[in-house]
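2 protein chains.
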Amino acid sequence: MAPSAVREADIARLPLKTDGAKNGSTKHAEDVQMIESQDKTQFVLGCYRVLIADLCQQFNMGHPGSAMGMAAIGIALWKYVMKYSPSNPDWINRDRFVLSNGHACLFQYSFLHLVGYQNMTFEQLTSYHSDRWDSYCPGHPEIEHPGIEVTTGPLGQGIANAVGLAMASKHLGAQYNQPGCEVINNMTWVTIGDACLQEGLGMESIQLAGHWKLNNLCVIFDNNNITCDGSADIAMSDDTNAKMRACGFDVLEVEDGNYDVESIVRALVAARVSKDKPTFINIKTTIGVSSKKQNTAGVHGAPLGKEDIEYIKKSNGMDVDKHLHVPQEVYDFFREAVPRGQELEKDYKQVLSKYTKEYSDLAKEFNQRMKGELIGDWTKCIPLKDSFPSNPEPSRKSAGNVGVALAENIPNIMLGTADLAPSVNLSSKTKVDFQSPSTQVSSGPNGNYSGRYIHWGIREHAMASVSNGLAAFQKGAILPVTSSFFMFYIYAAPGVRMGALQSLQVIHIATHDSIGTGEDGPTHQPIELAALYRAMPNFLYIRPCDAEEVAGAWTAAINAKETPSMISLARQDVPQYPSHSSRAGVAKGAYVFVEEEGADVTLIGVGAEMRFAVGAAKVLKERHGLKTRIVSFPSQRLFEAQPLQYKREVLQYRSSAPRVVIEAYAVNGWERYADAGYSMHSFGHSLPRNDIYARFNFTEEKLAGKVKELVEEVKREGMESLRGEFRDLNTEYVRDVFHSPQGVVHDKR
Amino acid sequence: MAPSAVREADIARLPLKTDGAKNGSTKHAEDVQMIESQDKTQFVLGCYRVLIADLCQQFNMGHPGSAMGMAAIGIALWKYVMKYSPSNPDWINRDRFVLSNGHACLFQYSFLHLVGYQNMTFEQLTSYHSDRWDSYCPGHPEIEHPGIEVTTGPLGQGIANAVGLAMASKHLGAQYNQPGCEVINNMTWVTIGDACLQEGLGMESIQLAGHWKLNNLCVIFDNNNITCDGSADIAMSDDTNAKMRACGFDVLEVEDGNYDVESIVRALVAARVSKDKPTFINIKTTIGVSSKKQNTAGVHGAPLGKEDIEYIKKSNGMDVDKHLHVPQEVYDFFREAVPRGQELEKDYKQVLSKYTKEYSDLAKEFNQRMKGELIGDWTKCIPLKDSFPSNPEPSRKSAGNVGVALAENIPNIMLGTADLAPSVNLSSKTKVDFQSPSTQVSSGPNGNYSGRYIHWGIREHAMASVSNGLAAFQKGAILPVTSSFFMFYIYAAPGVRMGALQSLQVIHIATHDSIGTGEDGPTHQPIELAALYRAMPNFLYIRPCDAEEVAGAWTAAINAKETPSMISLARQDVPQYPSHSSRAGVAKGAYVFVEEEGADVTLIGVGAEMRFAVGAAKVLKERHGLKTRIVSFPSQRLFEAQPLQYKREVLQYRSSAPRVVIEAYAVNGWERYADAGYSMHSFGHSLPRNDIYARFNFTEEKLAGKVKELVEEVKREGMESLRGEFRDLNTEYVRDVFHSPQGVVHDKR
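These protein sequence lines map, in sequence, to chains A and B. The first sequence: position 470 = 470 (UniProt numbering), numbered continuously. The second sequence: position 37 = 37 (UniProt numbering), numbered continuously.
Watch out, some of these pointers could steer you wrong.
[To be verified] In silico DSSO-like pairs for lysine-lysine, Cα to Cα no more than 30 Å straight-line: (1) K588/A to K561/A; (2) K306/B to K397/A; (3) K647/A to K702/B.
FYI, nobody ran anything at the bench for these hints, they're computed from the structure. The model shown is predicted, which means the values in this text are computed figures rather than measured ones.
Pulled out of the complex, with its shape left as it was, chain A reads as follows:
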């Protein structure tokens, strides 16, 4: 089949040999000229497609279609264009490859095997969908495995990660590259299917890549026009190329993505030399090509069946009696991958060597960054207790002070917001924005790629998911910090979860975290969101009550190298408690805030609602003669890690004094730690921030009244009367407050 030409929609036709290739050595471009003969290529394509089909048949499950359809793309990437070293998957300056259509993972696993990644033995490859716990071929690619840059699967995440990886390259290159010493100049390649163009997250990421002119990013569209429900046009009519151009991408097309390796190579090389735009390559493929059921949804996620596989083998000229067979010629086809990779590494070592000699200070810092160390002493950025004001201040402001100091002093930190800069208090006066140096911002300021302040726009989900890519580039080299209103971390939740799953350290600053937000109303007032983040594995949700606890929260978040964190902060003033609050206590998740011998009750205060616990304790003492001890409980996850003895000391499980948790959220999850709760049982309301807590019965008097009743009951009947029946002390308000004058009850429980 004669190769069809690449139709460049936007840029002039390039010769194969590239001059001044931005991201490759001339040597590599010369390699590219030596495209293998068509016969050989077709043979390898056939063997590959048969292998995929057999692998999905082995345990009678899998996703064969896209992997088969993308075979030629894979050859173009792994044999001809990408810079990588199979013998060293951790080589810093390797090209990054992301499979955003993660269900097609067999595509990537197979090529990793064929080009010689040592962990991806044939035995491992054939463990796809087996019951091996330690298989390198799980149902979707996982970051822990060599050759896999990020975990994908949920659609849109991969392309977002790729944007982050490309940002990281640009940024680190801008920070450390010097003339003649390009220590970071790799390319990022990401494949997508139709799904990533439909998912909102995909579009958010595409807009950002275009805005930042990430010319080191190439998005490869496996355009097979098939989704689970049928052809893609069952739910989509976009002019995709026009849309991508409108978002600032160069667009190239390949007509015959099934067989025309050379045209794909040309397009990829053109992407690599793109001057100032990311590239989108629209490659037309046939899902499950060479199967009887090709071009249908049936080949997407199910085994093809013995009969079809026979057919596939015949039509590819293979022996129908051989199963899971890779002829030696196929391994020969890819034989140069290992030595070429080692050659690239050798060249790189020379660059590093020159760099170390001529720019020794910078090189020292660069090496530290690549080892994942934070540059400088971050602990000095955390204010000491005696520096805090005694007046109330919003905890978002306390956190902002720390965040700004950290951002100013620790080069690893890239901090940004989803268009709430004035509200989240994290803008340093000396900040430099991450922007393309050629971007003119009407309001100013302009920026450049060395900038470490990120304007994410109103894209909370991309903020989280792209940040995972920033963190994944090289573990610890970049510490991303995101920020928005806590309520809008419900938009970001899929991306936040992916960070937890991949053990990527990202710190999320979540302000305006309760009804205390006030006037904005119930759409902005979280009630149930903390329950999600407290239940999420490998995630640290911390809700500090004052500036001292904020210091503890930041400390815990920075120390959690394998775990993302969220610091939950108040919009409104919170009192400061210099005699009680303790950053060391935060590290333990909960601690005794105010001890009291022979206490009648323990109040557990959380975050912005601590002031009600403290206020109620005063009322209980002065008006009712009752003794109260107070526990502060900023983080359930950290508390769970403590020894049992410590937990018992703090919570006094066996005492005859009941424990009441006080937080203006749904109480789900607190029942483990308390006997009763003073909580929210509905959505919030739009009211001024000075009025809203009281409207929902959060006043010291009312709380003290309810606690007193509970204490009296326990004194009469013993703790036994509470056993097994968690008490909600604040349910009456629902009927009171939602009966509007019009006589309509808005039952928002």
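With chain A held as given, fit chain B onto it using these hints.
Relative to chain A, chain B alone:
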């Protein structure tokens, strides 16, 4: 200021008088010709802008800028173009208006007042940001208030709702309109700012509107190029018009959106007669126009200050000493709104009258729909117990059987999926897809607007948010049913929440709901998501264990007229329990599954993990001689609504037998109902579905072993030994299973 022309980017210039206006009577088009004099209009614009500024100054907070900037748009909509009746905000065929940039709500509130909505008195208008609980002017528009179609605030939600409202119009029109009797033919207008073009949800919705050719939708872009962080181009470089065209919209522009009412009117009228595309009107405005700080982020969300307001009053020719003053001329300017609306209603009554006469059966059904009644007897679609198979079957299949029967028989139901039709089992053979009648789907089938099966594409968030719009059109007329994998309802969560907040009945069918999903791995296996949905106010999360409980779940969901639901279902086979399971029990949230006198322990089985409770009970009896009673607990929210006595009977709080909950999720929230839990404490893993539960220690033997230990401890030391310390019985596996051969511990707790 001379009005500038509308520059139509795509369509020919239209005369003001429209012939064959798709969505308006000729009479209304003639109204449009009578554009008021410029002097009058400028005067009203000035008064309006001053009013907005004063309203935000009154309590020293608010969002003045966009409302001021959009004044001319408001006049064009409410005085000239929209069809509505202030005396009857519930008139069925009214145009729907949505303010997707919800923070600019003063814009809408003010016009509702000026055109004469009875509830929006001047006193009410001036309650914006006051401490009135029952204010009609909360910080963001709320659906419960007359004149407000949907609650907005979180960005992207409004435009998604608008797509749903437009779909509803198309669909109901296709179902019920007859020649000469158009009972539903209204237009939907939605304003957006930059944010809704950045939010992924906005793009998902735009793609759907373009794909479905919703020519009855007009998106009005308040293009002020300002966001919180500065000019919009700080984070966005899209060619917005080109992008909208690529997504299938007609694009119009208005150069002077601040003052040129006539050009805006022309554009809106052009949108109304659009033949087969939704319209996007790109209107250039200046945020906070006439303020000293106009065109800066400073006017977005803060009061303007006394000095600036004086300046604004002066530059608009107003008396600086008058505050919150609306001259009578302004009311006169809008005086025709009420009578015109009543005239429109009168015309409509005639249409209805003719319809009732000539199409009486259809009219009867139409009236029922508009009253919110389900047509037909849905209870007949819920299979009786004796019709269920005795063999195991996946609960997603059981639910699918019910779902298909409902969809086939109940016209109110519009059911769809986010591209997982083969997996969610909800496709009826007789289904008709919701599509534009002119859309050719490559794979087929084609559809039309009367279709009730919706292909959402890979857009879970839009699926939920647009469905809120479908439900909001007319309460109960449409009952949307969505479907996807449970894990991907983390993408949909913001939209699901908005449904709960607005009391909109939408049913979400969430399949593949646990580690039982198997091979797809941890990205697809929910652990913490149920905690979110169980804690969400006004939301019903139900996890049925077999087909009988599935019947109960559907029943509860359909009966919940003011509450959205999620039915959580297994991918894999679950056993059937004809002697134990009970749909009546589901209605109570939890019930006794297997009673046992003198039981040593109560096991709480949930959903797909019920089989471990049942299996362990058998082992406990046969091997350890222990008696077990079993409780099934499909819904916490329904259980909480039961009387205390019932709850005590089911859970036996005071018994000496401990209660153990068994669910393969994080246990957060179950501590209210149990003393111990057998749960997940990490993310999942990619393993075949037949192996995965066992790998995480979910086997009857291991579970029985742990329960036996607990029972023995309690027998020795009494229930007191468990008091206050919830027991996690399944934590050891974390160390066991995450120690990979390479010696690396993946600590995914």
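Inset, instruction - Could you tell me which of the hints above the structure violates, numbers in ascending order? - result: none
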